[in-house]
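Student: The primary structure of each chain is shown beneath.
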Amino acid sequence: MYLTREEEAIFDGEFGRAAQKSMEIIVALGEIYDADRLIEVKSAQIAGVSYHNIGDAGLEFLEVLAKDGKARVLATTNPAGMDLKNWRKQDIEDSFARKQLRIMNAFKKMRITTSCTCTPYIAGNLPKFREHVAWSESSAVAYANSVIGARTNREGGPSALASALTGKTANYGLHLQENRNAEVAVNVKMQLRGTSDFGALGWCIGMEIKNRIPYITGIKSASMEELKSLSASIATYGGTAMFHIDGITPERTDRPGERVAINRGNIADAYEGLNDDAAPDFISIGCPHCSLNELRKVSELLKGRKVSTELWVTTSREVKKLSDRIGYTKIIEKAGGRIACDTCVAVAPLKGRFRCMATDSAKNCYYTKGSNGFKTRFGELKTCIDAAVSGEWR
Amino acid sequence: MEIKGRIISKGVANGRVLISKQPLSFYGGVNPENGVVVEKGHELKGRSIKGKVLVFPHGKGSTVGSYTLYRLRKNRAAPKAIINEECEPVVAVGAIISEIPLIDKLEKNPFRFLRNGDLIKVDAVKGFVKKK
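From first to last, the protein sequence lines stand for chains A and H. This note's numbering puts the first residue of the first sequence at 1, with every later residue one more than the last. This note's numbering puts the first residue of the second sequence at 395, with every later residue one more than the last.
In case anyone wonders, no lab produced these hints; they're calculated from the structure. Among the hints, erroneous ones may be present.
[Unchecked claim] In the PhoX-like style, the derived pairs of lysine-lysine whose C-alpha atoms are separated by at most 25 Å in a straight line are:
1. H:LYS468 <-> A:LYS99
2. H:LYS434 <-> A:LYS351
3. H:LYS434 <-> A:LYS67
Only chain H is shown next, with the shape it has when bound in the complex (with noise of 0.2 Å):
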């Protein structure tokens, strides 16, 4: 079944499903060498989130996070694909300077309907998702 969605940054990507409940910091948040959530107290801590489908509420801090996503993306950590409860403009910035799919708003809530491990599509060039 298709889920429609808000595309943010254009792109297609299949991955599986890695969500954090917590919204996500990538500025001092996550090692850009290697995708891992370094955050004290974040639910995600330890896990990487490189060739994930990363589904999150929406980011925080630093606008540098959106050059953190980028430095992730050249060091090939990078999430494969975003979906996100609601983006905001640091997470936005990011994923399209790093051609990361994103979208958001889907039409159910990502939190119900996916869980860990996951095999997904994210069409962000038509606007859903789907599970495989």
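If we strip away everything but chain A, and leave its shape as in the complex, we get (with noise of 0.2 Å):
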């Protein structure tokens, strides 16, 4: 693989051990596919955030790299374990908060902008059409490639947060324009409506076609919100990095000669497979973190009314602010409900507080039942609202 001077400068560590380690780690991932060169990044998404999740070893490792890493193109990263500002009213352990902000301590350090975030696209990091980023989180990875038509490979953690720190990423997969054309053709025979129809068509394509890429016909239009939660749910449940859907997503494909339909028996089965037979005691919207027009659907549709049963809404602080300013976030906590931000249900230690979750989000359902152990309840957005108040799923 070709490195440029600078990039062999930076190899043999002349800028510093993180800026090292990070170059290593990349030019790794070069080798093992194959890239004949690296390639410049705009921006960098990070995940492993949560203390949850990366536990000690990852606190300890973030904090080696902050002692002279630096990052050099525009970085943020995944939701934390808690909400920063109102972890004791989450009910989060003192240990559990200390180590967490220790995380965000080394992030700030390496001049990472803690977001905190799964939908850095309406946050503040939204690149431009075919251009080269390196981003972790899945449905991002997913919603970056498809619905934007800017270029990244599923990255994890460390190599992202390498990114960030060199600028740079190996020119292999999804960088590469032959590596983006659909794969196998999926039409979709029936109408979808709201963000858990489209979740319910991840979960069938996914569970269908693996991580090959799909050219979906069949779709008349999408909503931005619909788009987020079919990207988090085909990389949930396929792997798949990027799709194309007939007349919605910008990039060129040719159209693949195998073909498969979804009708509407295949989504009534995606929704058997997320309902358990229980009552819900815990309510969770925001997987991708909600959207200011979410908050607006979530607050007309708590107006007047009390909940029965937890209702946590997680968004971005970055949305959180309108809302605050415009007055959803006012009735959403009047109602009974809480806002929570830098966070998600799936990386928070909630293990143990609940019996059955309620969501609106396919990929919600499977993390909660992996990481908390929860059974999990999946409609749409109305019919969690409905079941916050009343306390029974119907």
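Each of the two chains sits in its own frame; use the hints to bring them together as a complex.
Tutor: Spelled out as structure tokens, the structure:
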């Protein structure tokens, strides 16, 4: 693999230890995937932020890197294990909070923006068409590649961080045009409505074609929130890093020969597969983090009502600020719900606190079962909010 | 005899071989405190990888596995070196951040010419392994 003189110098340690380690990581990945050279990235999105996920090992690693590491490009982070301001209200233990805050300090020292959201593209880190970036967070990777047409592989936490500290990534995979073509045609034979339907579609496609790139037809329109939901679920259930939708996503692709159909029965299977037979005591909205428009919908559904279960609405600090200003926050909190920033239920230490979670996010079901051991209920946003009020799933 | 391979993580180490013909997940599959393999049904279950030259086809599982290798190293329970058939990103990144020498794609099949307990040198600076 070819390295420029500057890249060689970083590799040889002339720019410090953290940059050297980072360059070693990027070069090794380049060797593994037969890259010809390195390319510049415009931004990095770094996963592996919650202390719940990375533990003491991750914390130590970040603190060592922070000794002399500095971000060379715009770098933002995934959610942390708690709301960084209101963690006490979330019943987070002091020992956990101390470690989590040390992690955040290590990032800050490296000049990494601690945005703590899985939706960087609506919170200050929006790439443009054909721009190369190095993102982890599988839902944001799928969204960036598919909906925006930016170019990124599915990075892990350390490799995205390595790109932040060097401004480089190896030229392979989805950075190359020839690897971005659709591989399977997927014809959707029913009209989809709302975030949960699009999450169910991601489940179906992921299960059916695994990590191959689909060319999806039969969808007349999709909102930004619906595409966000599809991105999250298709990446969770299939490992897909990219999809094309006829008439909606911006990149051209060849039409693949292999075809599958998704019909009403398949979508129903997804709903059945994600629903356990239990009454929810915890309602979670905002996976991926809510947009302002979703907060508006939640506030409209909650206006003048009172919740009887725990209701968490997760979003980015950026979006919350606007919600505060407009008044959505007040309505949601008056109804007894809480808006949590900087975190999400998949990376917060919630094990044992609830029995069954209801959500409109197919991705959330997967991680909540795995990481927190809850049963799940999956349905459209209105069904979830109604359940928060009545305590029953209908 | 020196057998050439591809350098993934730089460094030199001598140690005794421990072979796993099955892929290995460090996150959840290895106890980070003592290096004992805990994965259900794994051929190395109950055995420690600490201080060994660990030979396995490739890694599998969560990207958090990179940090598990780092934690093993901090706890002095990491392998001395790793030989993979073909390395994948989780183990590659883990070995680099933990400074564990790692070599893959050897010219000869490591599962044929290596036996458990063999004393070998892994030179991941020049890019070869050698029986001692």
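Student: It remains to establish, for every hint, whether it holds in the given structure.
Tutor: Do the hints match the structure? See the list:
| no. | hint | in the structure |
| --- | --- | --- |
| 1 | H:LYS468 <-> A:LYS99 | holds, 17 Å |
| 2 | H:LYS434 <-> A:LYS351 | holds, 23 Å |
| 3 | H:LYS434 <-> A:LYS67 | violated, 39 Å |
Checked against the numbered hints listed earlier, the structure breaks hint 3 alone; every other hint is satisfied.
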